[in-house]
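Colleague: So you can see what is in the structure, the chains are spelled out below.
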Amino acid sequence: MPHLVTIDNVDMRYGGAAGTLAVSGLTMKVGKGEFAAVVGPSGCGKSTLMKLVTGLHIPQSGVVIVADKQVTKPVSIVGMAFQNPTMLPWRTTLDNILLPLEIVERHRHRLRANKKEYVEKAEHLLETVGLKGFGSKFPWQLSGGMQQRANLCRALIHEPELLMLDEPFGALDAFTREELWCVIRDLHAAQGVTIILVTHDLREATFLADRIFVMSARPGKVLKEHAVPFARPRDLEVMYEKAFNDMVHELHGEIASARVVA
Amino acid sequence: MSVVTENTATSATPAKPLAQRINWVKLAPWLYTIGLFVAWELLVIVLQTPPTILPAPSRVFQAIVQYWSPIWKNSLQTLYTTTVGFAIAVVAGLAIGLFIGWSKAIYAGLYPLMIGFNAIPKVALVPILVIWFGIGAVPAILTAFLISFFPIVVNVATGLATIEPETEDVLRALGAKKLDIMLKVGIPRSMPYFFGSLKVAITLAFVGSVVSETVASNYGLGNMMSSAQSQFNVPLVFAGLLMLAVEGIAMYALMAWIEMRMTGWAHRSTMSQ
Numbered sequence: 554m555p556h557l558v559t560i561d562n563v564d565m566r567y568g569g570a571a572g573t574l575a576v577s578g579l580t581m582k583v584g585k586g587e588f589a590a591v592v593g594p595s596g597c598g599k600s601t602l603m604k605l606v607t608g609l610h611i612p613q614s615g616v617v618i619v620a621d622k623q624v625t626k627p628v629s630i631v632g633m634a635f636q637n638p639t640m641l642p643w644r645t646t647l648d649n650i651l652l653p654l655e656i657v658e659r660h661r662h663r664l665r666a667n668k669k670e671y672v673e674k675a676e677h678l679l680e681t682v683g684l685k686g687f688g689s690k691f692p693w694q695l696s697g698g699m700q701q702r703a704n705l706c707r708a709l710i711h712e713p714e715l716l717m718l719d720e721p722f723g724a725l726d727a728f729t730r731e732e733l734w735c736v737i738r739d740l741h742a743a744q745g746v747t748i749i750l751v752t753h754d755l756r757e758a759t760f761l762a763d764r765i766f767v768m769s770a771r772p773g774k775v776l777k778e779h780a781v782p783f784a785r786p787r788d789l790e791v792m793y794e795k796a797f798n799d800m801v802h803e804l805h806g807e808i809a810s811a812r813v814v815a
Numbered sequence: 047m048s049v050v051t052e053n054t055a056t057s058a059t060p061a062k063p064l065a066q067r068i069n070w071v072k073l074a075p076w077l078y079t080i081g082l083f084v085a086w087e088l089l090v091i092v093l094q095t096p097p098t099i100l101p102a103p104s105r106v107f108q109a110i111v112q113y114w115s116p117i118w119k120n121s122l123q124t125l126y127t128t129t130v131g132f133a134i135a136v137v138a139g140l141a142i143g144l145f146i147g148w149s150k151a152i153y154a155g156l157y158p159l160m161i162g163f164n165a166i167p168k169v170a171l172v173p174i175l176v177i178w179f180g181i182g183a184v185p186a187i188l189t190a191f192l193i194s195f196f197p198i199v200v201n202v203a204t205g206l207a208t209i210e211p212e213t214e215d216v217l218r219a220l221g222a223k224k225l226d227i228m229l230k231v232g233i234p235r236s237m238p239y240f241f242g243s244l245k246v247a248i249t250l251a252f253v254g255s256v257v258s259e260t261v262a263s264n265y266g267l268g269n270m271m272s273s274a275q276s277q278f279n280v281p282l283v284f285a286g287l288l289m290l291a292v293e294g295i296a297m298y299a300l301m302a303w304i305e306m307r308m309t310g311w312a313h314r315s316t317m318s319q
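Going line by line, the protein sequences match chains Z and G. So for the first sequence, this note's numbering puts the first residue at 554; every next one is plus one. So for the second sequence, this note's numbering puts the first residue at 47; every next one is plus one.
Looking at chain Z on its own, in the form it has when it is part of the complex (with noise of 0.2 Å):
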């Protein structure tokens, strides 16, 4: 399988010559179409981890490459989403979702043109997401899962390589939370779309993702990695197996072990 992105070695420190050390040594790879997810006691340098993927950072040793290039300004082809939607409240959502189309060079002068296809791209995007019809309210008048869904489409939009998720549903309730992880298993099924998520919830790394990344404290760096067996399409249901519950159970004591190190 290509690889999408591979980070070799990477350094990263915060503020100077003396100043933190976010990540040290960081090594790992992920195939083009797999869902990778990243798991660490906190502080361990898993925001700083999507930072360097999207170009937001450049590493000061060590090499970034996304999609065969080496990472040395933000590449563009990632889509983000962060646990705060950080909808603009003042666009509706169909104008909210649009609003890459308006950056990305690549659609940006073809927008006015093309409104049209575009529309109706985005309301795809939010049937798919169980969003249809919400298009014209704005997002504060959707509720926390609802602006999540919309977050996940925004994301989506500008038919990005790969899917950037910093604790997306970090913030929802359980039952809207199991809703949104399935909406995300039947998103990357459905359009192949390389993520790598970055999560507290062992659970819904376990449950959603092919490949698992279990980083150190800081400076961070990858301690273990695990392919998670589990055939797919997964249905909520296989959270109650017993294999499943061993492997959250031995991640949760690798996590456990990397913070006392720490």
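Bear in mind the hints are in silico, worked out from the structure with no lab data behind them. Predicted, not measured: the structure shown is a model, and the values here were computed from it. In this text, a Cβ means the ideal position worked out from N, Cα and C, and glycines have one as well. Where hints are given, some of them may not hold.
Calculated pairs, DSS-like style, for lysine-lysine (alpha carbon to alpha carbon, straight line, at most 25 Å) [stated by the list, open to error]:
hint, chain 1, residue 1, chain 2, residue 2
1, Z, LYS669, Z, LYS622
2, G, LYS150, Z, LYS669
3, Z, LYS626, G, LYS119
4, Z, LYS622, G, LYS224
5, Z, LYS622, G, LYS223
6, G, LYS230, Z, LYS668
7, Z, LYS668, Z, LYS690
8, G, LYS230, G, LYS150
9, Z, LYS626, G, LYS72
10, Z, LYS685, Z, LYS669
Some residues of chain Z that are not near chain G, with every Cβ distance over 10 Å (derived) [unchecked claim]:
hint, residue
11, GLY608
12, LYS626
13, SER629
14, GLU655
15, TYR671
16, VAL672
17, PHE691
18, SER696
19, GLU712
20, MET800
Chain Z is already provided as a structure; the job is to place chain G on it using the hints.
Modeller: Showing chain G alone in chain Z's frame:
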């Protein structure tokens, strides 16, 4: 007799008593204003203060009628200097606010200067303005401008400086330039702050123009009040104050209305459903 009352109670929908049909909240500003004038009038009657110390409102209204022509002329003059100064403040404040909010370095560098400048009492600047521009409308306009542009600058700059870092990350990862982020997020985001600051700025603009007119002008309410005061025409001084209050309320209401019209999305609690 009893039969009749029973009939009206059951057949016709009972008319609510008068007190319940009145919208007290809507009426409250008027009632409180009338209440203030009544209390003032009573105070003057009880204490028997002479009109040269504190004229009764009835006496003030009488002065308004008596001197209507100069009051009207000077009110328009003050309104003119205030709105021109305010308009310059809006344009300059918006421009400087956007400039300051553009980058952290500019923000850090100019902010202390702005605060220092704002701390200078604007009345102290009037003599300088008179040296530069002579007596008349120009110092009044400039004082109104100088005093009212600061809150606009600070609010616009704050709106720009408090963009959520996640929003910025999402857009920058897509290849957005600084200008893209400002146009798509920063400026729309600072608009509620901007329109909110207009309400503060317009009232300050009146302070500026009247101060300047009092010290250095032959026109305007400030000048009218200071000359009335030198003639011990205290009812006319109060008439001037009353006119200023009316103009201030009217302009404030106008700004509040513009704010509601332009940035309704920021007042979500009143708009949603």
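Colleague: Please name the hints from earlier in the document that this structure breaks, with their numbers sorted from lowest to highest.
Modeller: As far as the earlier hints go, 1, 2, 3, 9, 11, 12, 13, 14, 17 are violated by this structure, in ascending order.
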